[in-house]
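K.L.:
Sequence order for the protein chains is U and A. Take the first sequence: its position 35, counting from 1, is numbered 35 in our numbering, and each next residue is one higher. In our numbering, each number is its position in the second sequence, counted from 1, plus 150.
Please note that a few of the clues may not be correct.
[What the hints assert, rightly or not] Computed list of lysine-lysine pairs in DSS-like fashion (alpha-carbon distance at most 30 Å, straight line):
id, chain 1, residue 1, chain 2, residue 2
1, U, K147, A, K201
2, A, K366, A, K153
3, U, K119, U, K147
4, U, K104, U, K147
5, U, K147, A, K157
6, A, K201, A, K366
It is worth saying that the hints were derived from the structure and are not from the lab.
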Amino acid sequence: MALDTKAITLAVSNLSVSGVDIRDIDRIPDEVTVRQCPIMFPQPGEISVGYEDEPATFGGATGTYWPVTRTINFLYLHAPIGEGRGAFSHYSGLADKADAMIEKFMELNITGVDILSVKIDGFSKPIEGPSGNMFFGFTVSMTVREKVNA
Amino acid sequence: MAKTSAKDGIMLIDGYNYSTYIADYEYQMQVDPVEVTGLSEGSHNFIPGQKVARLAANAYWDNATITTVMSGMLSNKIVTLIPEGYTLGNPTLSMPFMQANFNPQGSPASAITLGQLEFLSYGNNAGVEDGYALAHGTITDTTTGTGFVDPSAGAVTAICAGALHIWTACAEDTYVVTIEHSTSLASGYSTLLTFTLDGSAVGSERITATSGTVNKYRRVVATRTGSADDDFGFSVHFWHAG
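Bound conformation, chain U alone (with noise of 0.2 Å):
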């Protein structure tokens, strides 16, 4: 076992939100429009961050067992800010999202990874995008613990 984070991100792409495109590391957007939305995609700057991690066992170099914990991110836009009918008309469909996200992350039965916890951030404050467009969106930050010579 060791750390794969593309293990990771794929697992959350293969999973299955009504109406929404879930992007795998290798197909992070470099601008999102609005047609394109409902999209999640690991957060470009923050995928992966907040490592913790110290030897548990003996064993020598190749043979001590390092569980360690980080924080994967993930940006879902819902929808451009200034699009639709009102300032929080997109707050339903945000709503419906962000129920169903969570509860497939916490779902996730990734081989040699342990879920901690999984929160979601930014929901009701404009977010922004990959070019900097400003979005209706939420942050999915997932923690996982992995374990290296386990």
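Given chain U, put chain A in place with the hints provided.
P.N.:
Then chain A, alone, in the frame of chain U:
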């Protein structure tokens, strides 16, 4: 003062090298105090009573290896710790033990553990033997170890003991493992202790010699019978009183 990390520690339990499953350890060596205070003494007067020796170690669950063995509640086996990792002559803490518990633990957000395993002294010994490592490695043929001089730089006249752990057993070859001693580093070695385990199975064994002269240089000799070139993985701890 040189401080040493515990990260290279090696823990051998009845032959098995379980270092990668052990999260931490704590040896305990104490003496029950016996009070013999008499009239007119200025303070309580204690004399040493019986020794108490104990090892506690937290371990991770692995059903294919350590779990299967430890669930058997071992008794009259040997546990040996090489706290700094192996280099010839590095300190060792070794003890014949009976296993006092087996208490796996877990929660949804944690790894399964074996909890804190407790090893208690078996009673027919001096408790925790603070000795040193004479061998730890894998060989495929007859091997004569390098002599190691006693930390006191001299011979002693005392009871001594050796512990052998076999962690990689041979399929065909067999071995006779002995501890030899000599007054000279280069030559003149004679057998001090001979183990009976022959390398055909994983296991541990402790051999003692009653009080006699233990010359200042000691080494391990493993003599092979057979020609299969099997891997033979073993460790040897040596201790003397005094």
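K.L.:
If a hint holds in the structure, say so; if it does not, say that too.
P.N.:
Results of checking the hints against the structure:
no.	hint	in the structure
1	K147/U to K201/A	violated (41 Å)
2	K366/A to K153/A	holds (28 Å)
3	K119/U to K147/U	holds (22 Å)
4	K104/U to K147/U	holds (23 Å)
5	K147/U to K157/A	holds (17 Å)
6	K201/A to K366/A	holds (28 Å)
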